[in-house]
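> Given next are the chains, with one letter for each unit.
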Amino acid sequence: MKIKTLGAATIATFLAGAAWAQDQSIIVQSTTSTANSGLYDYLLPMFQEETGIQVNVVAVGTGQAIQNAENCDGDVLLVHAKPAEEAFVEAGYGTSRTDLMYNDFVIVGPEDDPVGVSGMEDVQAALSQIAEDGALFASRGDDSGTHKKEMALWSDAGIDPTEASGEWYRETGSGMGATLNSGIGMGAYVMTDRATWISFDNKQDYEIQVQGDEDMFNQYGVIPVSPEHCPSVNAEAAQTFSDWLVSNAGQEAIGSYMVADQQLFFPNAPAN
Amino acid sequence: MADAFGLALQLVFSGDPNLHEIVLLSLRVSLTATVLACLIGLPVGALVAIARFPGRNVVLIVMNALMGLPPVVVGLLVYLHLSRSGPLGFLGLLYTPTAMIIAQTILIAPIVAALSRQVLEDLHSEYAEQFRSLCLTKLQTVQALLWDARYSLLTVGLAGFGRAVAEVGAVIIVGGNIDHLTRVMTTAIALETSKGDLALALALGIILLVIALGVNAAVQSVRMTAARQAYV
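If you read the sequences in order, they're chains F and R. Be aware that the first sequence starts at 1, since it is given in the working numbering, and climbs by one per residue. Be aware that the second sequence starts at 1, since it is given in the working numbering, and climbs by one per residue.
Okay, chain F solo, but in the shape it has when bound (with noise of 0.2 Å):
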């Protein structure tokens, strides 16, 4: 008896918990790389003092936060592959995209350079040199954001690397994190968003050895949730955090985030 009205307690105090949670807090279903360098940790705090309002983040690659804002687990949707963001608007689970920051993609390599890519700013001449040479290459392989725009870059190279999968190209299925450290562990090329090399703290003696292609553009975008898709959302919430990021101050605050004397990220949302 006395465990039972004690679970009974537990669980009530876990409902109403959560409930009043819902009334003060918004999920935002992120990308890795905002949370990883420590932008969140950033931002946050500020809109929480002027709004009052919480904010929850769950970072997951690009892939998985849209499929769970699809499933109306988040309020804000915070990630960067473009086409997939404009579907999910098309498709009525988003309100609207609007473009909030950008920086760029940069291949990782060890310092010696095995294939002589160093230097290069043709993305898709290093990508041909490293496939020709067969140098290993480690993928996200998880359908994220950056995974996407490397897939692009390969074909736009005119080549498949997955056919030499388990091969010289070695699909990680995992974080950007984890890629980097297992690519570093094998001595393989790794491309990853800038922020997250910046920000990253198990370099060892790997250096940038490809950026500057126009092509390597890394844009991010915000999206609150339709609140006609998923009658849950707290929509009130997520557009004031919506509209704040691409505010004055948001953008302010965004491109004053600093690591180690680098800027990570460059706002550009429309003026408003």
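Treat the hints with care, as some may be off.
Said to hold, decoys possible - Away from chain F, derived, C-beta distances all over 12 Å, residues of chain R:
| no. | residue |
| --- | --- |
| 1 | MET1 |
| 2 | LEU27 |
| 3 | GLY55 |
| 4 | ASP148 |
Unchecked claim - Computed, partial: chain R to chain F, Cβ under 10 Å:
| no. | residue |
| --- | --- |
| 5 | ARG84 |
| 6 | GLY86 |
| 7 | PRO87 |
| 8 | THR182 |
| 9 | ASP197 |
| 10 | LEU200 |
What the hints assert, rightly or not - Dumping the calculated SDA-like pairs for lysine to any residue here, alpha-carbon to alpha-carbon at most 25 Å:
| no. | chain 1 | residue 1 | chain 2 | residue 2 |
| --- | --- | --- | --- | --- |
| 11 | F | LYS203 | R | ALA2 |
| 12 | F | LYS203 | R | PHE5 |
| 13 | F | LYS203 | R | THR193 |
| 14 | F | LYS148 | R | LEU76 |
| 15 | F | LYS203 | R | GLY205 |
| 16 | F | LYS148 | F | TRP168 |
| 17 | F | LYS203 | R | ILE189 |
| 18 | F | LYS203 | R | ALA199 |
| 19 | F | LYS203 | R | MET1 |
Derived from the structure by calculation, the hints contain no laboratory data. Idealized CB from N, CA, C, for every residue including glycine.
Let chain F serve as the given structure and place chain R on it in line with the hints.
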């Protein structure tokens, strides 16, 4: 390694409030799951231990096989049920500690059931004739067995707790590793590893091990105190 030990000591003795919060949540989630798993698993284990029915062997095989439930699969199943688009979505439990407790309970209840079944069955075969001569009912038999095997069953509970506190696959899916809300030791370790901060990740791992040691030591001391008093 040396770095990690130094960092672990520093984290513990600086009284880092974040660490404090993460450790407490880990204990709260995994201990609650262990208690719930025992409430479910022990009666099931006891019943299967003394009951004889057709297909019992199949039940035994299934129970034992469920000890190997992959955490990530449990996480996914619980996610699909608790998701807003799932059958229990209206409860709003996804990304809460409650969801993590549910997932870990499902993960370890079979361990408690299968191990306690073996312990109780062995004990039962020893006492079966005595029980028969006393004309005990099934319920009385179960009660007597559970009480007599209580110290062995503590170890069974610890096995469940060990599995719960060490797993990351289920809690990261249903909890979301949200800072100050659902971040526990294992998901924090996974996060620091993905940030490439291997020293911090290892330091957290060392702290987690020490916590597991602490829980086991606490249970052991309870057991020894109780055993000593039984002989006084």
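> Work down the list of hints and note, for each, if the structure agrees.
Quick rundown of the hints versus the structure:
Non-interface call for MET1/R relative to chain F: holds, since the shortest CB-CB distance, roughly 15 Å, exceeds 12 Å. Every CB of chain F is more than 12 Å from the CB of LEU27/R (nearest about 15 Å), matching its label as outside the interface. Distance check for GLY55/R against chain F: the nearest CB is about 31 Å away, which clears 12 Å, and the non-interface claim stands. For ASP148/R, the requirement that its beta carbon stay farther than 12 Å from each beta carbon of chain F is met, with the minimum near 21 Å.
For ARG84/R, the interface hint holds, since its Cβ comes within 10 Å of a Cβ in chain F; the closest pair sits about 3 Å apart. Hint on GLY86/R holds. Least Cβ distance to chain F is approximately 8 Å, under the 10 Å limit. A least Cβ separation of about 12 Å between PRO87/R and chain F goes past the 10 Å threshold, and the interface hint is therefore violated. Taking 10 Å as the C-beta contact cut-off toward chain F, the hint placing THR182/R at the interface holds, the least distance being around 8 Å.
A least Cβ separation of about 4 Å between ASP197/R and chain F falls short of the 10 Å threshold, and the interface hint therefore holds. Among the interface hints, the one on LEU200/R holds; its C-beta lies about 8 Å from the nearest C-beta in chain F, closer than the 10 Å criterion. Note on LYS203/F and ALA2/R: the hinted pairing holds, with a Cα-Cα distance of about 19 Å set against a maximum of 25 Å. Distance hint between LYS203/F and PHE5/R is fulfilled; the C-alpha atoms sit about 21 Å from each other, no more than 25 Å.
For a cut-off of 25 Å, the pair hint linking LYS203/F to THR193/R stands: about 12 Å separates their Cα positions. At roughly 24 Å between alpha-carbon atoms, LYS148/F and LEU76/R fall within 25 Å of each other, so this suggested pair holds. As the CA atoms of LYS203/F and GLY205/R are separated by approximately 21 Å, the hinted pair is consistent with the 25 Å bound. With a C-alpha separation of about 19 Å, the suggested pairing of LYS148/F with TRP168/F holds against the 25 Å cut-off.
At roughly 18 Å between alpha-carbon atoms, LYS203/F and ILE189/R fall within 25 Å of each other, so this suggested pair holds. Between LYS203/F and ALA199/R, the direct Cα distance comes to roughly 13 Å. Compliance with the 25 Å bound is thereby established for this hinted pair. For the hint linking LYS203/F to MET1/R, the alpha-carbon distance of about 17 Å falls within 25 Å, and the restraint holds.
Hint check: a violation occurs at hint 7 only; the rest are consistent with the structure.
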